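Colleague: Respectively, the protein sequence lines represent chains A and B. When the letters of the first sequence are read in order and numbered with the numbering used here, they come out as residues 713 to 854. When the letters of the second sequence are read in order and numbered with the numbering used here, they come out as residues -3 to 170.
FYI, nobody ran anything at the bench for these hints, they're computed from the structure. Take these hints with a grain of salt, some might be off.
Label pairs and their calculated CB-CB ranges [stated by the list, open to error]: (1) B:Ala160 x A:Thr830: 33 to 41 Å; (2) B:Ser131 x A:Gly810: 24 to 32 Å; (3) B:Gly123 x A:Asp730: 31 to 39 Å.
Below 27 Å or equal to it, Euclidean Cα-Cα: the simulated BS3-like pairs (lysine-lysine) are [unchecked claim]: (4) A:Lys806 x A:Lys772; (5) A:Lys806 x B:Lys53; (6) A:Lys770 x A:Lys806; (7) A:Lys837 x B:Lys65; (8) A:Lys806 x A:Lys726; (9) A:Lys786 x A:Lys726; (10) A:Lys851 x A:Lys726; (11) B:Lys65 x A:Lys851; (12) A:Lys851 x A:Lys786; (13) A:Lys806 x B:Lys65; (14) A:Lys829 x B:Lys65; (15) A:Lys786 x A:Lys732; (16) A:Lys732 x B:Lys53; (17) A:Lys745 x A:Lys806; (18) A:Lys829 x A:Lys745; (19) A:Lys786 x A:Lys772; (20) A:Lys772 x B:Lys65.
Since this is a predicted model, take the numbers as computed values, not measurements. Virtual Cβ for every residue (Gly too), placed ideally from N, Cα, C.
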Amino acid sequence: MEKIEVPIQGARVKIPEDNKLKYIWIAELEDEKCIPQFGEHGTETLFGSIQPLIDEGKVKAFHFVSTTPMSQHKVTVELDDETRPIIFRRHRQKMGDGARIMHAPGHEVQYCIGFQKTCGGQNSKSIMFIDEDGNVTLKNGD
Amino acid sequence: MAATAAVEEATDAGPAWNEITTARFNTADEHAPTTTNPIPIPTAGSNYSYWKTWRLKFTGSYTQITNVKIYTDGGGYGTGITTQVGDEVLTAGQYDQASGTSGTSGDYITNHTGITAATDIFTYTSGSEKTVDTSTISGDPGYSNLIIVQMGVTTTASQGTLSAETFTWIYDEI
Chain A
713 MEKIEVPIQG
723 ARVKIPEDNK
733 LKYIWIAELE
743 DEKCIPQFGE
753 HGTETLFGSI
763 QPLIDEGKVK
773 AFHFVSTTPM
783 SQHKVTVELD
793 DETRPIIFRR
803 HRQKMGDGAR
813 IMHAPGHEVQ
823 YCIGFQKTCG
833 GQNSKSIMFI
843 DEDGNVTLKN
853 GD
Chain B
-3 MAATAAVEEA
7 TDAGPAWNEI
17 TTARFNTADE
27 HAPTTTNPIP
37 IPTAGSNYSY
47 WKTWRLKFTG
57 SYTQITNVKI
67 YTDGGGYGTG
77 ITTQVGDEVL
87 TAGQYDQASG
97 TSGTSGDYIT
107 NHTGITAATD
117 IFTYTSGSEK
127 TVDTSTISGD
137 PGYSNLIIVQ
147 MGVTTTASQG
157 TLSAETFTWI
167 YDEI
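Throw the hints in and build the complete structure from the sequences for me.
Modeller: Below, the structure written as structure tokens:
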């Protein structure tokens, strides 16, 4: 994949040449700073490493941003004191040759972003499922 | 960057874990069988394959894996053929080597330690999957629970190699 650099939400992002992800996440913090999945040198930040910031309520939004060079597609979830972010990739991998590789035949990936909220003692989740073509489906729960 | 998942099958007493991309049900304890040791059509009752023990192995850069499941297209292998998955999912420590009479029949799946009943795997379809692991998997490598799968052949089956069916695994990655 062609190496690209794009400024997103003030963050400098460099997509590694061997990247296979069609969307990457960017955490937008309360102090207007951002933490992208891939930093300006292409180094990856694992989602788990920013969990403390989430727990402290310092993340005000999450974005999924397309890694396709010409795409401006971005999906955003804004957070408040009562919501917690949900971000994951859902893989559907058939048993078969080559299906280990993301986006290869037999391996579909959905990029999932949303939030969890406890309302009236009830746990609720709203999640957007983004398919490989950028189509978005909003689901109540999982 | 992202986890890579490989399907592994266990054989032997150890066990020995080997990555597989396809599976063939036969009457021997082997992960990459040829067409030797097929499942004979019985004159009465059922013959079974040796049970197969599968798991997912996760490698690479990731935080955690959750919600490991498996499903089929709901089809099946046709008249006289059943394919069952053990109702219980097992930990690695519960591995039980496949047994039976090679070339004739494997022992029925409920002879596996920890398996008390089994369900037709083709009843598990997209949206109604078989849950494999509800825990949080981490580490490089990380492993899912085990599932036990077995094919049965009755008197109404037709002789010959069956058309392939596809099993699909699901997992959520952060």
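Colleague: Compare the structure with each hint and give your call.
Modeller: For each hint, the structure was consulted:
no.: 1; hint: B:Ala160 x A:Thr830: 33 to 41 Å; verdict: 46 Å, violated
no.: 2; hint: B:Ser131 x A:Gly810: 24 to 32 Å; verdict: 28 Å, holds
no.: 3; hint: B:Gly123 x A:Asp730: 31 to 39 Å; verdict: 34 Å, holds
no.: 4; hint: A:Lys806 x A:Lys772; verdict: 37 Å, violated
no.: 5; hint: A:Lys806 x B:Lys53; verdict: 14 Å, holds
no.: 6; hint: A:Lys770 x A:Lys806; verdict: 39 Å, violated
no.: 7; hint: A:Lys837 x B:Lys65; verdict: 20 Å, holds
no.: 8; hint: A:Lys806 x A:Lys726; verdict: 31 Å, violated
no.: 9; hint: A:Lys786 x A:Lys726; verdict: 16 Å, holds
no.: 10; hint: A:Lys851 x A:Lys726; verdict: 31 Å, violated
no.: 11; hint: B:Lys65 x A:Lys851; verdict: 19 Å, holds
no.: 12; hint: A:Lys851 x A:Lys786; verdict: 18 Å, holds
no.: 13; hint: A:Lys806 x B:Lys65; verdict: 12 Å, holds
no.: 14; hint: A:Lys829 x B:Lys65; verdict: 25 Å, holds
no.: 15; hint: A:Lys786 x A:Lys732; verdict: 17 Å, holds
no.: 16; hint: A:Lys732 x B:Lys53; verdict: 19 Å, holds
no.: 17; hint: A:Lys745 x A:Lys806; verdict: 40 Å, violated
no.: 18; hint: A:Lys829 x A:Lys745; verdict: 24 Å, holds
no.: 19; hint: A:Lys786 x A:Lys772; verdict: 16 Å, holds
no.: 20; hint: A:Lys772 x B:Lys65; verdict: 32 Å, violated
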